[in-house]
Amino acid sequence: MIEFKDVTKRYMTKTALRDVNLKLDKGKIIGLVGLNGAGKSTTMKLIAGLINPSKGSVELDGEKVTRRIASKVSYLSELDEYYSFYTVQQTIDFFATQFPDFNKEKAEEIRAYMNLDANTKVKHLSKGNRGRLKIILTLSREVPVLLMDEPLSGLDPLVRDSIVKGLITFVDTEKQLVLLSTHQIMEVEMILDEVIAIKDGELVDHRNVEELRYDEQKGILEWMSSIYE
Amino acid sequence: MKAWLALVKKEFRIGLPILLLAIVLFLVGLVIVTVATYRFGYAWDAVGIIGLAWGGGHFFFMAIYMLYSLGVERKRLHLWLHNPMHASGLLAAKLVTGTIYMIISLLIISIAAYVGGLHFVPFSDGTWFRIGMIAFLHVISFSIDFSVYVILAYIVFLLLERYMPAFLSGVSVFIGWWVFAYLYFGLLADSKFYYAITEWGKIDLGFVANSLQFDMDVRQAIVNFQGEDTFIYAGNYVIELITILIIYFIASWLLDKKVEV
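In order, the protein sequences belong to chains A and B.
Numbering follows the UniProt record's numbering, in which position 196 of the first sequence is assigned residue number 196; successive positions increment by one, without gaps.
Numbering follows the UniProt record's numbering, in which position 24 of the second sequence is assigned residue number 24; successive positions increment by one, without gaps.
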């Protein structure tokens, strides 16, 4: 479904990703883990078509990824910037007009589940509630690929818990691929099917979480420690 | 189309501060000039002059509007560019809303220019209306035309920003702008080739005012239109239209393919 072929991404003199080869299939929730600056966000943006590889290619269903792949990819940025003059409801309505696959009923269901007031202006939302809004906007799209860059970052444990539960509840695991990057590994471990470790721009390992657990008797955190030590 | 219209609606909201600023600045200028000239007895003349001057200043309305609107998006490129719409559609939504706001602002100003202008140059045979319409259309078309160059410059700025600090990117674009202006307006537009491709389709506009002559002191104010029989070449407009379409295409292509988040 998603394929990286010898992908390198450079920013001036800094290499963010180096010769990455990767294949991701639909119907899975995949964790992208690594230290800060390892290349997680770069990987996400490459799949979303928001940046271009310096070398190699990224394909989705055999089609070269460009910015307009947004019709098949729902991308949650690590950034919190939304149109501050909109209310929560207006933001949802605006997204619904921009993406034909946006399911407004699902958005309303997630909004109610997340307990987010529809009439609050985005500029008045707390960080936690902006995080919730991002989740609503991302999960309400019925697209093959959901990319979530640090969806749990900076949120309190209760919000993180509701987001993780929301992921289980509102993702169509038969049809959708979810790729999420996070530092809160313990909290998402139970929902991950696969995990990818990136270190200094290189893909160091790509494992099935269940196999890791049964074959090597390791959790993701232990596995990560063994990689990074 | 539905998606694009929703985008236009959003752009109206983003660009509203520029319309309000244009109107507020005009009203403040109007009040100051009226109060300052009232005791000398030529407040209406001053209203007309400020209307004409501010209307002329709208040559830059679209450029300022686009700089502001693109500046707002710069902070949320991950939102603006994460959209399946072609970049030309994203930019067109901004151009359309900016143009509508400019027309609203110009209409308000036109009332002052017309009422005040009638006071110091009482044309009665429709000359004012004709002059006004020619000026109105030229301000609008020049403003849009200029803003397309500004869009390209801003997108180049976004591109360079990936490789250097924002300040250096801004300086590079500023230098590039003047180099381009010199090559295009200084060399090309003054060449025989340019005259050959633009000087066709002569249209006679008749008498058109092209300047104002002021003679003011504390006792009186005399304002006269200076003008002459004027003609334009359709070729100039056609070539400029083709040029800005090419510039717009390049800007859209760069935004689609090269600008990164």
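Rather than coming from a laboratory, the hints here were simulated on the basis of the structure.
Any given hint could be a false lead.
[Unchecked claim] Okay, derived cross-link-like pairs now, DMTMM-like style, lysine to aspartate or glutamate, Cα gap no bigger than 25 Å in a straight line:
{"#": "1", "chain 1": "B", "residue 1": "LYS75", "chain 2": "A", "residue 2": "ASP80"}
{"#": "2", "chain 1": "A", "residue 1": "LYS28", "chain 2": "A", "residue 2": "GLU229"}
{"#": "3", "chain 1": "A", "residue 1": "LYS5", "chain 2": "B", "residue 2": "GLU73"}
{"#": "4", "chain 1": "B", "residue 1": "LYS258", "chain 2": "B", "residue 2": "GLU73"}
{"#": "5", "chain 1": "A", "residue 1": "LYS14", "chain 2": "B", "residue 2": "GLU161"}
[Unchecked claim] Covered, in the sense of this in silico footprint (three residues per stretch, anywhere, with C-beta under 8 Å from a C-beta of chain B), are these stretches of chain A:
{"#": "6", "segment": "72–83"}
{"#": "7", "segment": "96–105"}
{"#": "8", "segment": "127–141"}
Here a beta-carbon is modelled for each residue, glycine too, at the ideal position from N, C-alpha and C.
Verification of the hints:
For the hint pairing LYS75(B) with ASP80(A), the CA-to-CA distance comes to about 10 Å; that is within 25 Å, so the pair holds. The hinted pair formed by LYS28(A) and GLU229(A) fails the criterion: a straight-line CA distance of about 28 Å is larger than 25 Å. Restraint check: the Cα-Cα separation between LYS5(A) and GLU73(B) comes to about 32 Å, which exceeds 25 Å; the hinted pair is violated. Under the criterion of a C-alpha separation no larger than 25 Å, the hint pairing LYS258(B) with GLU73(B) is consistent with the structure, at around 16 Å.
The hinted pair formed by LYS14(A) and GLU161(B) meets the criterion: a straight-line CA distance of about 15 Å does not exceed 25 Å. Interface restraint, the segment 72–83 of chain A with chain B: holds (6 residues with C-beta to C-beta distance below 8 Å; minimum three). Given as covered by chain B, the segment 96–105 of chain A passes the check, having 4 residues with a CB less than 8 Å from a CB of that chain where 3 are the minimum. Only when three residues or more bring their CB closer than 8 Å to a CB of chain B does the claim for the segment 127–141 of chain A stand; here the count is 0, and the claim is violated.
In summary, the structure is inconsistent with hints 2, 3, 8 from the numbered list given earlier, while agreeing with the others.
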